[in-house]
Amino acid sequence: MTRSCAEPIADPEARTAAEAARAAEAVARSGYGKLVAILSARHRDVAAAEDALAEAFALALEDWPTKGVPQSPEAWLLTVARRRIIDGIRRERTAAGAVDHLKLVGEELAAREAPEIPDERLALMFACAHPALDPGIRAPLILQTLLGFDAAAIASAFLTAPATMGQRLVRAKRKIRDAGIPFEVPTGAELAPRLGAVLDAIYAAFAEGWLDPGGTDARSRPLADEAIGLGRVVVALLPEEPEALGLLSLMLHAEARRAARRDIDGGFVPLAAQDPRRWDAARIDEAEALLRRASQLPGAGRFQLEAAIQSAHAARRVHGRADWPAICALYEVLLASTGSPVVAVNRAVALAEVEGARAGLEALAMWDADPRLADYQPYWAARAELLARAGEVEAAQEAYGRAMGLESDPSVRRHLDRRRAAVAAAEAGDHHAER
Amino acid sequence: MKFLCLAYEEEARLNALSRPEWDALRSETLAYVGILQKSGHLILTNALQSARMASTVRVRDGERSVLDGPYAETREQLGGFFLIEARDREEAIELAARWPSARLGSIEVRPVEEVLREERRY
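These protein sequence lines map, in sequence, to chains A and B.
Residue numbers for the first sequence, in our numbering: -5 to 429.
Residue numbers for the second sequence, in our numbering: -16 to 105.
Hint data in this document are derived by calculation from the structure and do not stem from the laboratory.
Fair warning: this is a prediction, and the values are worked out from it, not measured in the lab.
Please note that a few of the clues may not be correct.
Cβ-Cβ distance ranges computed for the label pairs, FRET-style [to be verified]: (1) A:GLU13 with B:GLU(-7): 53 to 63 Å; (2) B:SER38 with A:ALA48: 51 to 61 Å; (3) A:GLU356 with B:ASN29: 31 to 41 Å; (4) A:THR181 with B:MET(-16): 50 to 60 Å; (5) A:ALA330 with B:ALA85: 40 to 50 Å.
Coverage of chain B stretches by chain A, computed from C-beta distances (three or more under 8 Å per stretch; other residues unrestricted) [stated by the list, open to error]: (6) -2 to 7; (7) 30 to 36.
Each residue gets a CB set at the ideal place from its N, CA and C atoms; glycine is no exception.
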């Protein structure tokens, strides 16, 4: 029998089951990372913590419909998952296990007396972004352990085969356990570089979610929102770190423009063509406030600079035009410090706005042979646009084609195809006029 | 699951593309092939020479006949193929829809039969 969603569920048993499922779903969304962080901290065994928590969730779906949803679902899940871990250790029957067992029982009792659950998520993030782990696996690891994404969803977001991603995640967790990677927030001089790795991983997750608004398994849970949530966790726990503030500001600035990137037909609208009135003013205001806070603290890192660039774009809200000279100058500082080809592409685009398309193309030319740009869609799209503006229509069309081949979003592909056709038609028109 | 994607296109229509249009389509295709390789989806792909170059072979009662030209004279002819590994039909269609010549012609997406069945062919 099928039932429409709007129809009330009459059967009380079905109703309590639905309530239990909703309660479990709510914890899975909001508390998953917190629980994994606590469960994995002692043994540094993330996989065991995830397994135990999965079992606890399964038990909750059996138990809650009949016994009711507990007062604190999170504490309930934590206690059950801890027991599972204890059972696992008992089975191992090692002396070290026995000691850990006692500690866990103690923690369990303590947890009963004080159901307040400490926030260890930052420590887990630092473990996941530890320098001993391959940088490419850090963001996927954070998405899995803190947000509960499965390997297949992460693989589709990061354009990797699911089996490969699964293996890499398993290996990374094993490494955390076996190499004794600590679950702690570093202090002193160690904090800045280690925090950088955490922020990089969060930003990688955000960028995947932002560039890929549809067509992945992660679509039901917007990666970008989740990354912003993680950024908020870091800012809440490390409020005096300018780069953490910078990253959150940067993400909020980008997110503020999400709705404006689509026209009413769902077509892609590039930044330059966006209507600033469709930008989310509340998010921009929050981003600007974070950036101000960051600028009052010593040191300006990559994320603060990038947030400042987005702030200069947002100036269009007030002045009707982005502050291109400022954007160009900021990208130059960023390029000098990062040497990143991605920054070089953005700087070339900004330079073209200030000094013309030729200047932009010359700036790009220095990077044309960089193998990192061969598959980088924004490079080809930027190149196509600058070539078109400079009147090199044939080369522009080929570059548009390359950009289309690299683009996963169909609406962006359509936008590029229209641009290509428009550029070709304009030239055909010119020839016609010449004759 | 493996899927054989057959790209049908009107040869005349492709021949009518201007040089820059063809360059754009070619670059787009090569770039997308690169993406499919990286993501582990692509097993094999090739473009085919013109259907005019085809030979159609039949053996009846031990007699071999070879006809010049494709199996069927249709407006759209097989112009290329790509063999992919996809999670399911939905993903295979998603991947095929991104194939650039899908905008000009048609892509037939066919699940591969891994082992020839013992009972009944279809």
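Tested hints:
At roughly 58 Å, the beta-carbon separation of GLU13 (chain A) and GLU(-7) (chain B) lies within the given 53 to 63 Å, and the hint holds. In this structure the hint that SER38 (chain B) and ALA48 (chain A) lie 51 to 61 Å apart at CB holds, the actual value being about 58 Å. At about 39 Å, the beta-carbon gap between GLU356 (chain A) and ASN29 (chain B) stays in the expected band of 31 to 41 Å. A C-beta distance of roughly 51 Å is found between THR181 (chain A) and MET(-16) (chain B), which places it inside the suggested range of 50 to 60 Å.
The hinted window of 40 to 50 Å between ALA330 (chain A) and ALA85 (chain B) holds, with their beta carbons roughly 44 Å apart. Coverage of the stretch -2 to 7 of chain B by chain A holds. Counting CB-CB distances below 8 Å, 6 residues qualify, and the rule asks for three or more. Coverage of a stretch by a chain is defined here by at least three residues with a beta carbon nearer than 8 Å to that chain's beta carbons; for the stretch 30 to 36 of chain B and chain A the count is 0, and the condition is violated.
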